[in-house]
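A.B. asks: One-letter residues, chain by chain:
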Amino acid sequence: MLARLTKYRWQYLMILPAVVLLFLFSYIPMIGIQVAFKDFHIGLTMWNSQWVGFENFAFLQDEQFWIVVRNTIYIAVLKFITGFPAPIILALMINEVRHGGFKRFVQSVSYLPHFFSWIVVAYILQSLLTLDGGLVNQLIVNMGFEPIFFLGSTEWFRPMVVASGLWKEVGWNTILYLAAITSIDPQLYEAAKVEGAGKLAQIRHITFPGILPTISIVLILSMPSLITVGMDQIYPLMNPANQPVADVLDTYILRSGLQQGYFGMATAVGLLSSVISLLLVLFTNQMARKFNGEGLW
Amino acid sequence: MIKTSTGERIGQAIIIVLLLALCLSVIYPFLYMLSISLNVGSDAAKGGVYLWPREFTLYNFEIVLGNSVIQHAYLITIARTVLGTFIGLMVTLLMAFGLSYRLLPFRQSLLTYVLITMLFSGGLIPFYIQLNNLSLLNSFWVYIIPTAFSAWNMFVMMKFIQGIPDALVESAEIDGANPIRILFSIILPLSKPMLAALGLFTAVGHWNDWFAGAFYVSDQNLIPVQTFLQQLLSAQDISTVLGSNNNQEALARGTMLSNVTLMSIKMATVMVSALPILCVYPFLQKYFVKGVLIGSVKG
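Going down the list, the protein sequences come from chains A and B. So for the first sequence, my numbering puts the first residue at 709; every next one is plus one. So for the second sequence, my numbering puts the first residue at 3; every next one is plus one.
Treat the hints as calculated values from the structure; they're not laboratory data. Predicted, not measured: the structure shown is a model, and the values here were computed from it. Among the clues, some could well be false.
Stated by the list, open to error - Each computed DSSO-like pair below joins lysine-lysine, with the alpha-carbon atoms no more than 27 angstroms apart:
| id | chain 1 | residue 1 | chain 2 | residue 2 |
| --- | --- | --- | --- | --- |
| 1 | B | Lys292 | A | Lys811 |
| 2 | A | Lys901 | A | Lys811 |
| 3 | B | Lys161 | A | Lys998 |
| 4 | A | Lys715 | B | Lys161 |
| 5 | B | Lys161 | A | Lys811 |
Stated by the list, open to error - Among chain A residues calculated to face chain B with C-beta under 7 angstroms, some are:
| id | residue |
| --- | --- |
| 6 | Ile797 |
| 7 | Met801 |
| 8 | Lys907 |
| 9 | Tyr970 |
Every residue gets a Cβ at the ideal spot worked out from N, C-alpha and C, and that includes glycine.
Work out the full structure: start from the sequences and follow the hints.
C.D. replies: Listed below in C-alpha cells is the structure:
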C-alpha cells in the first residue's frame, strides 16, 4: 500500500492545495453550523461560546420570518415559471431564422447581458425608471398620466425583478438548446416535408422531442438553486419602501447576521435554507434516476 | 422547390420582429446611459435626451476618471481579476489532473469529498466567521483565496483531461517525465480551449463581483469598482464621488461642477465599468459558447 501511495506522491501533492482550501472554506463552515445552537459573539470562537439549545430558532414564531419565506417562494415560483420556458421558446424562434447573419447577430446580442453584473442591471433599471428624468416616467408623463415610483413600490418590485432577471439570462440559456437543435438529424425534417407537415407540426413532432432530453437535464439542474432567488440581484434593488415584498431569506440572513450581529439566529436561518436545498437536490436526483435511468452522480 | 405558404411567411415576420425587439431591449439601455453620460448633467435633467447627447461634454468622464477613489477601485478590480483567475485555474487544474488518474488510491473518497461541498454548505454566517478567524476580512486576499477552488470547474476539467488519449501521457512517462512535467508540457497545451473558456467565466465572475467587497471588506481602499458602484447606486448626493478632497482639480473648476448631476456621474461611472466588457466581448464569443458546451457534458 505504502509503495502505491509513494508512486502517486506527485498526484497527491497536486491535489493537496484544493483539499486544504475545501477543508478551510467548506468543511470548517459546516462544522461552524453549531453556532446555530450557541450564543455567539464576535470575540468568542465557535468552540467556547455557550450552548443554548434551540433558543436561536425563536424566529420560527416571528411573523416577519414567515413574510420573508412567503416572499422567497413567491419570487422563486415567478422566476421559475418565466425563466424555464422562455429560453426554450427563444431557441425555437432563433432556429427558425433563415438569414445566417441575422441569426448570429441575435445570438451575440442576447448573450451580452449575461456578462454584466447585477449592479449594472440595477443602474439600467434606475436610469430608465427613476422619478426625476427616468425615460419611462418621461413617456408616462408625456402621455398625460401620473408618474409611477417603480423603484420604491411594492406592486412593481416583483415584476421588475422577474423581468430584469429574464432579460439578463434568457439569451445565455438558449445556448444548450440551440446546440441540441443542431444535433437533430436533418433527414427527419426532409421526411416530414415530404409527408406534408407544416412548420408548426415539424416543431411539435421533431424539434421539441429532439431537445426534450436537454430540457429535462436543465430542469433537474435548476431544482437545487430554486430557493436561492438571487441576493446578488435583489439586494441592490432593495430599499425601505419595497422591503415588505423584497426581503427574501438571503437578505434576511445578511441583515440579521452581518448587519445586526445576531450570528446564531442568522446561522439557524441559513441552516434551514441549506437543508431545503439539500432535500431538493436529493429529491431531483431520485427523480432523475427514475426517469433517466441514471442520477446526477 | 417547396414553396413557402403565406402562413409561414407571416410566422417568419413575427419571429423577426420579436427578435429585433429583444435585441433593441439589450442595446437601447446602453445607448441611453451612454448619451446621458456624454450630456451636460443639468441639461439631461430637463429630460428629452433619448438617443444621443444634446449638449455634448466629456466632463462627466473627466471627473470619474480623474477621481482617485475610482482609479484605486479599478486597480483592485484588475488585480483581483488577473490574480484570481490565474490562481483559481491553477489550483483547480492541479486537482483535476491529479484526480484524472483512474488508479489513484482513495480517488473515489476524494471525489466524494469534493461532491459533498457542492451539495451542502455551512451558509453565509459560518463562512464569515471562518474568514474572520483566518484574518481574511479586510484583506485583499479575501477576493482570491476562499473562492480559488471551483468544484464545478474541477469536474469539467477532469472530464476533459480524461478525454486526452492515454498513449500521449504514457509515452512521456516512459521517457521519465514526472506528472508535473506532463501536466505542463502535454496536458496544458492540449487544454487551451477549455482553459480559455473556464478562465473567461472565472474572470467575468471576478470583474462583476460586488458582494465580497461590500461585506468582507470595510476599508474603502480595498473595494473593487463593482462595490463602489453599489455604494454609489443608493447615494443621495454627488459628495460620495466628489466629497473626498482628492478631486481638487475638479472642485477648482466650480462653475463646470454646477452642471454635473448625480445621474450624469452615475451613468459615466457605470459606463466606465461596463465598457471593458463591451470591448472584449466580440473577441471572446467563440470561447464561451464552447465553454458552455464542454460544461454540459454530464460529469
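A.B. asks: Against this structure, judge whether each hint is valid.
C.D. replies: Consistency of the hints with the structure:
no.: 1; hint: Lys292(B) - Lys811(A); verdict: holds, 18 angstroms
no.: 2; hint: Lys901(A) - Lys811(A); verdict: holds, 23 angstroms
no.: 3; hint: Lys161(B) - Lys998(A); verdict: holds, 25 angstroms
no.: 4; hint: Lys715(A) - Lys161(B); verdict: holds, 23 angstroms
no.: 5; hint: Lys161(B) - Lys811(A); verdict: violated, 31 angstroms
no.: 6; hint: Ile797; verdict: violated, 10 angstroms
no.: 7; hint: Met801; verdict: holds, 5 angstroms
no.: 8; hint: Lys907; verdict: holds, 5 angstroms
no.: 9; hint: Tyr970; verdict: violated, 9 angstroms
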